[in-house]
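Protein chains in written order, with the working numbering: chain A, 1 to 272; chain B, 1 to 272.
Keep in mind the hints are simulated off the structure, nothing from the lab. Treat the numbers as computed from the prediction; the structure is a model and nothing was measured. No false leads were mixed into what you were given.
Here are the simulated SDA-like cross-link-like pairs (lysine to any residue), alpha carbons at most 20 angstroms apart as the crow flies:
id : chain 1 : residue 1 : chain 2 : residue 2
1  : A       : K159      : B       : A166
2  : A       : K159      : A       : G269
3  : A       : K159      : B       : V167
4  : A       : K159      : A       : G139
5  : A       : K159      : B       : L109
6  : A       : K159      : A       : E148
7  : A       : K159      : A       : S271
8  : A       : K159      : B       : G215
9  : A       : K159      : B       : H162
10 : A       : K159      : A       : P214
11 : A       : K159      : A       : G246
12 : A       : K159      : A       : S138
13 : A       : K159      : B       : P214
14 : A       : K159      : A       : G178
15 : A       : K159      : A       : Q216
16 : A       : K159      : A       : A272
17 : A       : K159      : A       : D147
18 : A       : K159      : A       : Q149
Spelled out, the chains give:
Number of protein chains: 2
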Amino acid sequence: MADRLGIIAGGGDLPRQVAETFRRGGEPFFVIALEGQGADAWLTPDLPHAVFRMGAAGAILERLRAEGVTEIVLAGGVRRPSLSDLRPDWYAARFFARLGLKALGDDGLLRAVSALLEEEGFRVVGVQSLIADLLMPSGLLTHAALDEQALVDIAHGLKVAHALGAVDVGQAVVVQGGLVLGVEAIEGTDALITRCGALKREGPGPVLVKRAKPGQDRRLDLPTIGPDTVAACIAAGFAGIATEAGATLFVGRAEAVQAADAAGLFITGVSA
Amino acid sequence: MADRLGIIAGGGDLPRQVAETFRRGGEPFFVIALEGQGADAWLTPDLPHAVFRMGAAGAILERLRAEGVTEIVLAGGVRRPSLSDLRPDWYAARFFARLGLKALGDDGLLRAVSALLEEEGFRVVGVQSLIADLLMPSGLLTHAALDEQALVDIAHGLKVAHALGAVDVGQAVVVQGGLVLGVEAIEGTDALITRCGALKREGPGPVLVKRAKPGQDRRLDLPTIGPDTVAACIAAGFAGIATEAGATLFVGRAEAVQAADAAGLFITGVSA
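Here chain A stands alone, though its shape is the one from the complex:
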């Protein structure tokens, strides 16, 4: 039997893109839509799928096996439910009990989920190995270029994001004129951008910097930008966006770069 891909679908457009790519290529796949995370917005009856609560880990594994899934991609961000919303089944409860009462950031939790899936015999792959042109390339993608202050701000943002990532907190930092305007935790990058737009000073606009966490498993939850990120940065009066080349995802690149060029925003892939 050929490999069948299991798409564990969180929010955003990525899981839809994976399913669409596989559907067009005639390759077998099955979508596990996590309830309340937004996949219901694009799932249609012709796409093989089932909806599960995040807490129903045992039932999810059983279904993946019943559907003949061998390879799994975790695609799209997931909002963490409260413990009471989670309602873990016996399998999920045992998983959490094994983790213990530890302070787990997103990355820690994803690693644990990924390790568990491999223990259960599945192969976990990164979304960038399934969709072409998703990884951020190196260098400038826009007409707008970087001045000296932007270079200084990007270097500083990369340093701060590294320190944050090392304790498994967010992946995004906003810097303007040497000053860190904001740092991302669980509010999400778009909320960070909007907040920093309100906090920004006069002069050249802020720069959004995103990078992978130190030692981040590149198959899991790479920092992502897309047309929404670009639109938020334009609305907030930012000068540009810099993300780590080869270690961040750029969804909907053509559309996003066109919007950036129309607004004079720079977008660049940098090495960290």
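Keeping the supplied structure of chain A fixed, place chain B upon it in accordance with the hints.
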């Protein structure tokens, strides 16, 4: 001649408390109110003072000398002006030129200002050496106590705040159930609390954690909580506040603890 204290007054209630303490004790002082930072709200004609733009560094130094000031306290937070609002005089311009186009956090800038004042012959003192009971003590200050999850959240918050402080970004972190809800940059602690109130999950409330930056000069800008912080945490449904004992300030402690006790919030001084 006796020592005369120069109070460089930023925002908040601390500079007023220093001036009031010295006035009551009959000790000589002179207030330099930094324009637009809020000291005009409490300065009265009977308090010896002058108002200066932050950029008027040369004129400030000249006035401090003319008033016979020998000892200086930097009291109260300062919102950074944009470079165009700063309008540096010749002295301030030279100071910034010496710093170069570096990415300076608040701590870096304050250290540079402090070093400059000492170079100019002044002695710089911490506000906690002038007002009694300002330093956060060790241990629980409220009736409400800490459960096991709060202890885990505090330990995690201290770790994240340390990582942030090492790159000279904010001093405050909000943690709930092992999850970092938010991290402070320049928005200020009250804005952080309000934002995290909107992001919080069900279950035991979040904890606000503040600590000094690693290697922070304890005479300068120690992390501060006060009645406003407590009121914001109550309004946002927090479980409690933990700050570093001996290295953070607790302004208006009696009033704040009373409000916390009425609302069931814990406040504790922890060692980091």
